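*Asks:* Residue numbers (this note's numbering), protein chains in the order written: chain X, 1 to 209; chain W, 1 to 336.
Treat the hints with care, since some could be wrong.
Listed below are several chain X residues computed to face chain W (Cβ distance under 7 Å; list not exhaustive) [as the list claims (entries may be wrong)]: (1) A26; (2) L65; (3) M68; (4) V70; (5) R77; (6) K113; (7) V115; (8) P118; (9) Y119; (10) G120; (11) I121; (12) L122; (13) S123; (14) I126; (15) R127.
Below, in silico cross-link-like pairs of lysine-lysine (DSS-like), each with a Cα-Cα straight-line distance of 27 Å or less [to be verified]: (16) W:K25 - W:K307; (17) X:K113 - W:K254; (18) X:K59 - X:K47; (19) W:K187 - W:K90; (20) W:K22 - W:K76; (21) X:K113 - W:K210; (22) W:K243 - W:K181; (23) W:K80 - W:K25; (24) W:K210 - X:K59; (25) X:K95 - X:K52; (26) X:K113 - W:K243; (27) W:K25 - X:K113; (28) W:K254 - W:K20; (29) W:K90 - W:K112; (30) X:K59 - X:K113; (31) W:K112 - X:K113; (32) W:K59 - W:K307; (33) W:K25 - W:K51.
Per label pair, the in silico range of CB-to-CB distance [unchecked claim]: (34) W:K22 - X:R107: 50 to 58 Å; (35) W:D143 - X:F90: 30 to 38 Å; (36) W:K51 - X:R107: 32 to 40 Å; (37) X:I97 - W:F259: 58 to 66 Å.
Hints in this document: simulated from the structure, not taken from any laboratory.
These figures come from a predicted structure and were not determined experimentally.
Even glycine gets a Cβ: it sits at the ideal position worked out from N, Cα and C.
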Amino acid sequence: MPEVQPTRMELIKLRRRIRMAIRGHALLKMKRDGLIMEFRELLEEAKTVIGKMVENYKKAQQKLLIAMAVDGYTALRSIALACCQVQPSFTVKKKSIMGVVVPVIKREKVARKAVEKPYGILSTSIRVDEAVTAYEELVDSILEVAEIETTIRRLLEEIERTKRRVNALEYRVIPRMQELAKFIAFKLEEMDRENIIRLKKLKTKRMKK
Amino acid sequence: MISRTKAAYAYIVARTKVMKSKLLKPEDFRKLLNMGFDEIMRFLEETEYKKEIDEMAYKYTGPRLLDYALFTNLAKTYRKIYSVSFGDAKNLVGQYLRRWDVWNIINILRGKNANLPNDVIEETLVPAGEFSSDYIRTLINKDISEIVKELERTPYHDALSKIGSAPMNVVEDELWKTYYKTLLSIKASDFESRIFMNFVRMEIDLKNVKTLLRLKAEGATTEEIIARIIPGGYELTEDEARKLATMTFDEMVKAMEGFWFWKVSSISDLARTEIEFDKIWIEIIAKRASNYPLSILPVLQYIVLKKVEVDDLRILGWGKWYGLPNEEIERQMVIL
Numbered sequence: 001m002p003e004v005q006p007t008r009m010e011l012i013k014l015r016r017r018i019r020m021a022i023r024g025h026a027l028l029k030m031k032r033d034g035l036i037m038e039f040r041e042l043l044e045e046a047k048t049v050i051g052k053m054v055e056n057y058k059k060a061q062q063k064l065l066i067a068m069a070v071d072g073y074t075a076l077r078s079i080a081l082a083c084c085q086v087q088p089s090f091t092v093k094k095k096s097i098m099g100v101v102v103p104v105i106k107r108e109k110v111a112r113k114a115v116e117k118p119y120g121i122l123s124t125s126i127r128v129d130e131a132v133t134a135y136e137e138l139v140d141s142i143l144e145v146a147e148i149e150t151t152i153r154r155l156l157e158e159i160e161r162t163k164r165r166v167n168a169l170e171y172r173v174i175p176r177m178q179e180l181a182k183f184i185a186f187k188l189e190e191m192d193r194e195n196i197i198r199l200k201k202l203k204t205k206r207m208k209k
Numbered sequence: 001m002i003s004r005t006k007a008a009y010a011y012i013v014a015r016t017k018v019m020k021s022k023l024l025k026p027e028d029f030r031k032l033l034n035m036g037f038d039e040i041m042r043f044l045e046e047t048e049y050k051k052e053i054d055e056m057a058y059k060y061t062g063p064r065l066l067d068y069a070l071f072t073n074l075a076k077t078y079r080k081i082y083s084v085s086f087g088d089a090k091n092l093v094g095q096y097l098r099r100w101d102v103w104n105i106i107n108i109l110r111g112k113n114a115n116l117p118n119d120v121i122e123e124t125l126v127p128a129g130e131f132s133s134d135y136i137r138t139l140i141n142k143d144i145s146e147i148v149k150e151l152e153r154t155p156y157h158d159a160l161s162k163i164g165s166a167p168m169n170v171v172e173d174e175l176w177k178t179y180y181k182t183l184l185s186i187k188a189s190d191f192e193s194r195i196f197m198n199f200v201r202m203e204i205d206l207k208n209v210k211t212l213l214r215l216k217a218e219g220a221t222t223e224e225i226i227a228r229i230i231p232g233g234y235e236l237t238e239d240e241a242r243k244l245a246t247m248t249f250d251e252m253v254k255a256m257e258g259f260w261f262w263k264v265s266s267i268s269d270l271a272r273t274e275i276e277f278d279k280i281w282i283e284i285i286a287k288r289a290s291n292y293p294l295s296i297l298p299v300l301q302y303i304v305l306k307k308v309e310v311d312d313l314r315i316l317g318w319g320k321w322y323g324l325p326n327e328e329i330e331r332q333m334v335i336l
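Please work from the sequences and hints to get the whole structure.
*Replies:* Below, the structure is given as structure tokens:
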């Protein structure tokens, strides 16, 4: 048993803490359930977004293969060199889901018109355009997946943390405090009983005199 | 008595005819379509490409080996045509093959802009034009400003001087425009030159129609389209192109129906339409070459056919290597 003064004041304080812990436990449970619900919804969205990314990847691969087959590896490589100089740009903002800070990736549209692409129109075929456009769409999808994946990872971490707190309160903190309160109450009753006996003994002694 | 010019053409045409006979036949391509990648390579080892495949095999494997072998063979073949030519024909062939100089300049600039090692840039080049392999290597060793300075006395300098002030796509398109402008500046005083000019103008038409369709489908503005039109077309002149560029896509397609190149069956798949244009082009050159057998046309026909063969073999190789279905591979090829 921890070293605690078995006083009435301590018992009152402890009971107050138990009440607070129980209320906190209920709130954390609600938060955990809320986060799980949010997580499930995001999971569905993630499935769609990842599915779209996989589709875009397959499409881009096929377009690249056809462009490589038609225009040649050499040409494609030199075009890739020109394209890789234009990095996709995006801004990362924050939003809160039940107190969990998650990123919101604002994508600047990567897909460009043929005249804005970093290679000449006259030296390339339309298959190159198709491959480049498909890869630009893929970059958009990857950024979308990155956003949702980070959100899911943060939510999972928070769910795990909340779950640990709920369990700690439910199986360790509250039972221990309740036990302690029971101990103090017992001690106080013991002390009361001791006092009564002491008083009874004093009374008997006085009566004998 | 045969004139000196006619005799020169007779000699060059005879040489290219021999070279043409070594080109793969459509039935060879049909046979190749049913083979696997390794079988195709084995087949090519028994053709003109053997030497290049053997030379490159220590460095590359798979379709990249095929790619480099094909491009090296293409460069070698074009240089051979140039070396066997003489007189006016040599000049015309040389001028036409300068397209590979443009190709090489563009690839060097792209490589330099991406800070790629020199050997990687060198892999992308096809020394089939006026610039020798050694000269191209000296260009690769320079930085962009030095390259621009080095090419000061070439027709490409005006386009290259725009580097820094204009985007690279504009510079690349300007280089191609310069190439065609230089070709069109050849004095077409004799019949042979006029035939050559018509050939170039028709090629410009094809380039322009592809640009028009591609940019119009992407929703580019009239000015954006016109900026990329090569002046000097055979039927599709700059004015015609401007007129077409102002129309909607459907109107434009309808308006093109009267042009010599408009024999395409569908425009729903623009990639397919481009292949159809190439087929039409080859058929027309073949017809014209047979009409003028002692002219530059049979030589140009061979130059085009050799490029088509290399392209088709590349499509076959890449398609087979990555397991594309035969129908898709055939769809992308220009089999006549």
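*Asks:* Next step is simple, just say for each hint if it's right about the structure.
*Replies:* Structure-based check of each hint:
1. A26: 58 Å, violated
2. L65: Constraint on L65 (chain X) satisfied, holds at 5 Å.
3. M68: 6 Å, holds
4. V70: 6 Å, holds
5. R77: 6 Å, holds
6. K113: K113 (chain X) check passes; min Cβ-Cβ to chain W is 5 Å, inside 7 Å.
7. V115: 5 Å, holds
8. P118: Since chain W brings a Cβ to about 6 Å from P118 (chain X), closer than 7 Å, the hint holds.
9. Y119: Holds - the Cβ of Y119 (chain X) comes within 7 Å of chain W, reaching about 6 Å at its closest.
10. G120: 3 Å, holds
11. I121: Constraint on I121 (chain X) satisfied, holds at 5 Å.
12. L122: Check passed: Cβ of L122 (chain X) comes within 4 Å of chain W, closer than 7 Å.
13. S123: Constraint on S123 (chain X) satisfied, holds at 6 Å.
14. I126: 5 Å, holds
15. R127: Hint holds; R127 (chain X) Cβ to chain W Cβ min 5 Å, cut 7 Å.
16. W:K25 - W:K307: Holds, at about 14 Å.
17. X:K113 - W:K254: 24 Å, holds
18. X:K59 - X:K47: 18 Å, holds
19. W:K187 - W:K90: 15 Å, holds
20. W:K22 - W:K76: Given pair K22 (chain W), K76 (chain W) holds - Cα atoms ~15 Å apart, limit 27 Å.
21. X:K113 - W:K210: Holds. K113 (chain X) to K210 (chain W) sits at ~16 Å (cutoff 27 Å).
22. W:K243 - W:K181: Since the Cα atoms of K243 (chain W) and K181 (chain W) sit roughly 22 Å apart, the hinted pair holds (cutoff 27 Å).
23. W:K80 - W:K25: 21 Å, holds
24. W:K210 - X:K59: Judged against 27 Å, a Cα distance of about 23 Å means the pair holds.
25. X:K95 - X:K52: Cα-Cα ~24 Å, so holds.
26. X:K113 - W:K243: 22 Å, holds
27. W:K25 - X:K113: 39 Å, violated
28. W:K254 - W:K20: 37 Å, violated
29. W:K90 - W:K112: Measuring from Cα to Cα gives roughly 33 Å; hence the hint is violated.
30. X:K59 - X:K113: 19 Å, holds
31. W:K112 - X:K113: 24 Å, holds
32. W:K59 - W:K307: 24 Å, holds
33. W:K25 - W:K51: This hinted pair holds, its Cα atoms lying about 20 Å apart.
34. W:K22 - X:R107: 50 to 58 Å: Cβ of K22 (chain W) to Cβ of R107 (chain X): about 53 Å, so the range 50 to 58 Å holds.
35. W:D143 - X:F90: 30 to 38 Å: 32 Å, holds
36. W:K51 - X:R107: 32 to 40 Å: Between K51 (chain W) and R107 (chain X), where Cβ atoms are some 50 Å apart, the hint is violated.
37. X:I97 - W:F259: 58 to 66 Å: Once the Cβ atoms are compared, 60 Å apart, the range 58 to 66 Å for F259 (chain W) and I97 (chain X) holds.
Hint compliance for this structure: hints 1, 27, 28, 29 and 36 are not met, and every other hint is.
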